[in-house]
Structure formats: structure tokens, C-alpha cells
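Q: What follows is each chain in one-letter form.
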Amino acid sequence: MKLGKRTASSAMLQNSFDRRATVVGAIQGGVGILLAGRLTWLAVAQNEKYQLLAESNRVNLSLIPPRRGWILDRNGLPLASNKADFRVDVIPDRLGDEKKTIATLTELLDLDDVKVRDLTDKLDKARGFAPVEVASGLDWDRFAAVSVRLPDLPGVVTQRGFSRFYPTGPCVGHLIGYVGAASREEWEAEGKKPLLITPGFKIGKDGLEKSFDLELRGEPGARRVEVTSSGKIVRDLDTRDDVPGKPVKLTIDGRLQDYASRRIGLESAAVVVIDCKTGGILTLASMPSFDPNSFADGIGRIEWKMLNDDDHIPLLNKAVRGLYPPGSTMKPMASLALQLAGVDPEERVSCPGGYRLGSRFFRCDAVHGSVDMRTAIEKSCNTYYWSMSHRVGYDAIAPIARLLGLGQEYDLPGTNQRYGTIPDAAWKMKKFGQEWSAADSLNASIGQGYVLASPLQLAVMTSRIASGKDLQPTMLFDKLGKPAPDLPFTPEQLQVVHDGMFRVVNGAGTAGRSRIDINGIKMAGKTGTAQVQTMVSRGIHGDWKSRDHALFVCYAPADNPLYAMAVVVEHGTFGARAAAPIAKDVMTYLFDPETALETLHSLESQWGGTAQQRLDRKYAAYSAQYGANGPEVTGTEAVEDDTKNETEERPVESVSVEEPEEKASPSPEPPAPRATPSAAAGNTPAQAGPAPASSPSPAPTASPVPPGVGPAPRP
Amino acid sequence: MKTSRVPDSIARQPWGVIIPLMLLVMLGAAVLYSAAGGSWTPYAASHLLRFFVFLAMAIVISRFPANFYQKMAYPAYGGVIALLVLVEAIGAIGGGSQRWLNLGFMTLQPSELMKPTIVLVLAAFYQNLPPAMTGSWRGLLPALILVGAPAALVMLQPDLGTALAICFGGAVIMFLAGLPLIWFIGAGAAAVVATPIAFFTLLHDYQRNRVLTFLDPESDPLGTGYHITQSKIAIGSGGFFGKGFGNGSQSHLEYLPEAHTDFVFATMAEEWGILGGIFVLLVYAQVMRWGLNVARQAPDRFSRLLAAGMTATIFFYAAVNLLMVMGLAPVVGIPLPFMSHGGSSMMTVMICVGAIMAVERWSNKSGPLA
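Residue numbers (the numbering used here), protein chains in the order written: chain A, 36 to 750; chain B, 904 to 1273.
Careful: at least some of the hints might be erroneous.
[Unchecked claim] Label pairs and their computed distance ranges (CB to CB):
no., chain 1, residue 1, chain 2, residue 2, range
1, B, A959, A, E83, 42 to 48 Å
2, A, A61, B, G1089, 20 to 26 Å
3, B, I996, A, R129, 54 to 60 Å
4, A, R54, B, A1101, 51 to 57 Å
If you're looking for bench data, these hints aren't it; they were derived computationally from the structure. Where a beta carbon is used, it is the ideal one built from N, C-alpha and C, also for glycine.
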């Protein structure tokens, strides 16, 4: 009723309409003012914030991976450099249809089955955000073919950049290491820096590349581009150039490194050359090796299989991580130790072909007759060292071995050395819980028994003997310069050893065939043969793996040593036969490169090309044989062998003995450590410090092949 | 004025609103030209063409007498309802929802036509309703049915924005028709209660998400919140003078979704800044002022309600769209009148303008002379 009255007439309705229309108008005006206010708020008060947001929408900052610093040799030659490169990566997270994209890329880039297989392997393991390399080193046509199709290939990144290049490939594989894309762990360890997952950015994974990674890296550049919401690049805005990483200059002589690596040829060997004036390492070669160039994009199946199938263990840096009984190469060192202990070098010892210790007889390689110290080195007479070290005691020898560098680890970045063993009583007790025996002393004094050393250590030892100075091996050029202090030997004492080593090569010694004479420059050295398996086979007989290791240490010029060298040829039979010729040619290269290269070229024509050529051919053969069906790569850090963190003294796995070699006991009973590598077939090599139930039977039954390093094996 | 050589029929047009509208449409065309990457096609040219075609249509509409409008109200309403049912049926047969009919030369959204039609039919309804009954159930119930039926059909499509526009137009007319205030307060209270229920039952998932995202756009910056966030970035980064014609990075680089339709205001504000935004608001204010003045001066209840309802419909379009692009309302698919590219919405608002012009003509004829 009340309402009815109110709205009863048309006039009242008109009135009500006017009032209500005013309300509606006011509301509309209110909304208008609200909108104007909001507009002002957004565009004035918050203008800065939204401008920033609009800019960050519009502008995409992409990092340009910095050019990695070069690694130079002592003459400024690059051992590792960069080359311009067109590359294609995929970022798994952004991939749309993975199969289709891979199919398109396969077609555009002309990828073969092996590469496609490796790519799918990598994608399976990829962590999403990290780029996976599809191809690098592309030519412009193929690069452009992918680039123009980018809008249809989400997750595919093309890039023009630089990639690591090792001009001498496998020759520097172990020395320099290699680079690769950062793993998730590495990325997280560095606080998830965006640079680490930038396509094309590589970090050092091994060797010097790893040790000097931060110096070599440099500062990334940046490219600002305008992009649409779908990521299409509209135009470049500006570019900040990268700052290339600092170069690292090494003491290595790149040409010599290359020569030595190639000269090793088909052998499994290590060559270390040290500058006798400074301690700078000129060459640290270990062959066979891998090609670090092909590791940069990850290891493919074929390559993995090829490297693992090889019994020469190309993934092991034998120069610093291979441990071998040094054998007779210890004798110059022992000679110094004996003199320091008061032995007169002129004193003569009669060698009747062996040495009697108590009831046991240790056989020498030959009947040397009356020998003084120089002759003992020249002829490698064991009897001399046994009798003398028995007189002065082994405790007089071990400290000198350490003083000369054996059993030591050196300050060499990126080498991950194993430091071997210079045994003594305390060591044996700790290791095997057994007393040191006189027989141990005899074995150790001629570099057998428990003694293990790396080629690097042998080279250091030789350089110290040659120079008489406490040289510290160095690989960084900038660290050179500090003169080394003298070692506690008199010039006369050193001269005795130098004379002996001179005669090894230039006299009637064991390495007479490896003498050099380049304008009066002569070489002094010492051979060594280290037993792999006791008496199973000797010399050149038997299968490769059971042959002896061949060693040779030397320096030249003999009268004013400039270079010291150690060569170890795994299973090379005799030092004079396998190791000395390599040393001779490498030494020749230092003084007369042309002659040395001639020798090398004629050898390489027999071997089937340079190391790189042979490696490439082998890869091609594997690829043809296995196609895409190689075994999967296990672990991303394939190159690091499983003994990575092991610093214990253990023979390398390539050496088929598991424990420091025992010398053959003449008795058929097991394990009496004997100093002489004489007969006794049936002696098992695997006893680790057994109870020395030494046999009373003194004389060995004749060994079929003259053992050891003596001159006998020379045909 | 009388001395002008301009023909009377032209001089009598409401130039005070047509000229601002033309300027607004031209600004809209400029924005569309820029949004197309500096090209008249596909947006700007057709935008201008449509405006002038529909302006001519509006002038034609404005020539019809009031009784023709009243006569046509119910048949028109019935026709549009039939079209809505037809769209539903085609959608059901075709296996999916459909909002438009393809007429060959253009696609027609019947729900768009319903916006002015609901205003027309309610104005006719209240014209015929005896004033005394306004406060009784007979003034309310038929009106509710008239609004509810098309709104329900449109919701089925589903098109929340248009359904709301229909309801809003209806509510404004009922309010202006003089229905008791207590009913609106009661309906408001009921809405407060019903909204949560409707939110969880009537709305579709994507609609619910839009509302939720509106309440917290940053919660989903790449999903449904993306629209609002990018729109605010476009408007906010424009500043006072804007980035300049053709320099809007948000629209040109495709960060702004629907840069030429629903979010055209953001496209404009990025390039023209607050200056452009205020101009747009002023033009709308002028249209609203004109519409409400026409309504106030209208001779009878029908023309009053018609003019006011048409004004409210235009207002609803503009207000909801602007509130949305500035982040004050959820994302509902409502274009901005006179600026967004799109034939149906242009036609709708020009029908509204034409109807208001008609009312103005009726007032001029009958006002001073009668």
C-alpha cells in the first residue's frame, strides 16, 4: 500500500526517474573517476616498475661464452686454442616434439646413425636445462639451414662461437686434459651460474684444463636482443664482447711433446723430458692417448668402446700415473748413495754371476768379473750393488732415493700423480705387517721388489743426478727462474756416476746401439728392465701383456747436461731394445730436429701414419664395424679412471701383477722374495708379502733366458 | 545556426556526440593500425569502414517513430530469443559450443543483439505497465522472466560477460522504472549470498580460474594471470605521454594478448600514455552525459527508459572492459566500444547510439512544440 501510493502516478515516476538517473549518472561518473585514478596510478606512480617489466619482456639477454684462454708451450705455440665454430645445441626442456625435432635435425645436418644414437643417449641423460650439443664445426650451409627453421624447432639453439681446439690432438690429450659442458653437479657447485648452462660454454674436465679452469675461462660477453613473446628474435640491440680467458704458458716444448708422442708409435709408453737447468718439464707424453678434440662434445659410444677395448689403456696418463719397478735405472742413484755412505768408487767387487746371501744365491745377469762402480753401472752388474748395499745397509739408500725424487709427489697442477713406493722397514710393517728382510734390501737396491716409480719420477731423478741440483719439476713457465740448490754430493761423486752412465751408451754398456753424436754432443743413460710376471715368460716371448717393461733414463749432452729424460715402454721387453731407441730419437730431435724427423717419418710410414691419423682410422673402422650399436657410455666422466682418488702405491692395472713384484725364488715353493730375477717357473706372482720361507737350495736351476738388463739379450 | 547553409537534416544530428565518437574511432583505428605492425589491414581499415556503415545505420534507426519501436519491441525480442536457441541447437548438433551464426557477409552473435533488445523490450513493458502497478509483483516478475530467459541461454554458450551485460541492462531499467528500492537492496543481499554458490556451481573452470587469478594475478603469471599482468605492464609502462605511435613493445612483440580486441585499451595506453587514456574516458563521459540528458528530457516513460538503458549498456561495455584491462575486474571477454576490432560489438553499440538519437529526435519534435 505504501509502495503503491508512492508510485501511483506518472508524475511521481518521472520524479523518481530523475532522482535515480542522477544516481546512475553519479555511479557512472564514479567509475570514470576510479578508472582515471587507476590509470594515473599505473602509468605515473608505478611507471618505473612497469617500464622495467616491459623492458625485461622485450629484451632478452643472452650470454656469449667467453673464448677460453690459450694454453701455450714455452715458445708461445698453442697447445690448446680456439677455432671459430658454427654449432647447434638443443635444450631438452624447451623441446617440443623430441622425435620430430631430431628427425628434422638429422635431415638438415646430415647426421649419421652413430651420431643420432649418441644424441639420443645424451638427451636421455640430459637434465633439461643444460644444452646438449647436436653438432659443431658445421659449415655455413648446414648452419644456415637449421637457423632459418628455428621458429619450427623449439628448443634448438644455433650459435656462432668458438670451440676448443687442440692442434696436436692425441699428443696432448693426457697433458692438457679436455673440456666439456658442465654437469649438473658442477653447475650447482658454482651457485647455478647461468654461464655454465649457456650453450657452447665448456669447462675444464681433466688435466690442466681442469686445474686452470678459472684462469682460462674469461668473462662472458652478452648480447641484448629484442624478442617476441614466443622467443623469436626481432633485432639485435647491443653486444658486449667477451673477455677471453688468460693464457697459461707451460714449460712444455710443444714440438718436442708432439715428436715424443708420435715417436712412441704403436707402443704403450711414456716419455718425460726435463730441462736440467731449470727443472722445467719439456715433455710429458703418454701414448696411446685419446683425442681431446672429440671429447669436447661428450664421448660417443664408438669412441668409448674403442678406448675401452684397447689393452694399451689410452685413458691412463702413464707418465704420472703409471707405476713401474724402476729396475736397473735405480743404479746411478744407488751409486751416489753408496759413495755418500763411504764406499770408494774405485773399490772392486768380483762378480761370479751372482751373490750369496746366507744360504741363498741371487743371480746376476752374467759373470762380470771384477767390477768397480763405473763398470757396475756400465754393465748393470747386480752383484756389485747387492754386496755394497749389504755392506752399507739399505737404510743408507732409501733416503737418497727420496732425495732424488723417487716416491715423491711434485707440485704439478693437473697431473694427479701417483707417487709410487720407496720401501723401507716401517713401510713394510705398516703395509704387510712383516719385518724387513735382507732379501728385501737386495731387491730394493736394484729397483725391484717393492720399489715402484712413475716415469716422471725417473725423469726427475735423472735430472737431479745429471745436474747435481735439487731441481723441482715445473710445468708453468712463470714459475721458472729460481736457481735450484745443490744436492749434497761432491762433484767427484757425481762424476763417477756420470762416467758410468756415459759408458752405458758410449762404452761397452747396455745401450751401445742408442748412442748419438751430434757435433760432439753425446748422451749418457741407463737401461732398465722391470719384470711383469715372474718367469712365466721372459724377453720377447709370450703374449704382450706378460712381457717385461722396458725403461731407459738418460741425459745429454753428457758433459754439460741440458736435458734429462725417462722413457718407459710397457711390455717393451728390454730397456735397451725398446726404450733406449725412443730416447735416442727424442734426444736427437732436441739437437738435430731434421735427422730425427726423417727417422720418425720412415717409422710412421711403417706404422700407418701419425698418431692422429691412426686414431681416426681406428675410429672409422669401429664405426663401420659396430654402427650405432656400441655399448652405452657409462658415466659422464668417462676419462677419469676408477683409481681417481687412489694415491696408494699399487701397480697400474695394465701391469698384470697385482702387487710389487717378487723376484723369483729358485725354489718351487711360493713366495720367497728373491733379489734375482732368475728362474723358478711356477712361482706365482700374486703373493703379497708372504712369509719369507726362503728356500735353502742356493743355486737356481738354470733359467732358459738370461734375465734382467744385462747385455746378454743383445742379439 | 539557422543561417547555416547546412541542410537541416544534417544540422539536426547530435554532432556534440558524433564528433567525439568519430575522434575516438579514429584513435581506435590508429591503435589498430599500429597493432597490425603499421598496416591498414587487417584491422584499421575495416574498423573505420564498419563505423561509418553502422553510423549510417544508426541515423536510419533514429528516423523511426516511437510507436514503431514499441510495436517492434516484442517481435524483435522473440526473434533474438529464437536466434539464441538456434545457436544453441547448432552447437549441440555440431558437438561443441557456438556463439555465432555465419550469415555469409558477417558472423552474427545473437547474444550481442540481445543487449539492446532487452533494453527495448523492458522499456516497452514498463511503458505498458500502469504506473500504479510498478511497485507490485506484476511490475517485477514479467521483467525478471524477460531478462532471465536470454541470460540463461547466453550462459549456456557459455558467455558470462554477455549474460552479465544483459542482466545489467535489465537491472538498470528496472531501477529507473521506479521499482521499490527495497527490492534492489534485497536482491543485492541475495546476490552476496548467492555469489559464492554460483561461483562454485554455475561457473566453468576457466571462468573460476579467471576470477581467482584476478584476485591474485601474480599467482599464475604465465597462465591466466598472464593477460592481466601483461596488460598492466603495457598501461604502466606507457607513462604520461606514452611510448609514441608504433613504439609499443608489449603489443608489437606479442606479449599483450588480444591486443586488437579486448586489450586494445592497453595497446593504446602503451603508445599514447595517460593523455590517450584520459581522452578515451572523456569521450565515454560525453556519451554517457548525452545519453542521460536525452533520457531526462525524453517525453514519455518508454523513451526515457530506452535512452537510459541504451546508455547503461554502452557504459557497461566500456566500464567492465576498462576495469578488466587495468586489473580491477576479472578477465571477461568484453570488447571496448568504438575501439576494439569486431563487427558484432560495433553493431551493438551503434544500435544503442541510434536508439538514443531516436529518443533525442522524438524529444525535439514533441518537446518544445507539444
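Q: Hint by hint, say whether it matches the structure.
A: Results for each hint:
In this structure the supplied range 42 to 48 Å holds for A959 (chain B) paired with E83 (chain A), their Cβ-Cβ distance being about 46 Å. Evaluation of the 20 to 26 Å hint for A61 (chain A) and G1089 (chain B) yields a pass: the beta carbon distance comes to about 22 Å. Between I996 (chain B) and R129 (chain A) the C-beta distance comes to about 41 Å, which lies outside the given range of 54 to 60 Å. A hinted range of 51 to 57 Å for the beta carbons of R54 (chain A) and A1101 (chain B) is inconsistent with their spacing of about 31 Å.
The structure is inconsistent with the numbered hints 3 and 4, although it conforms to all the rest.
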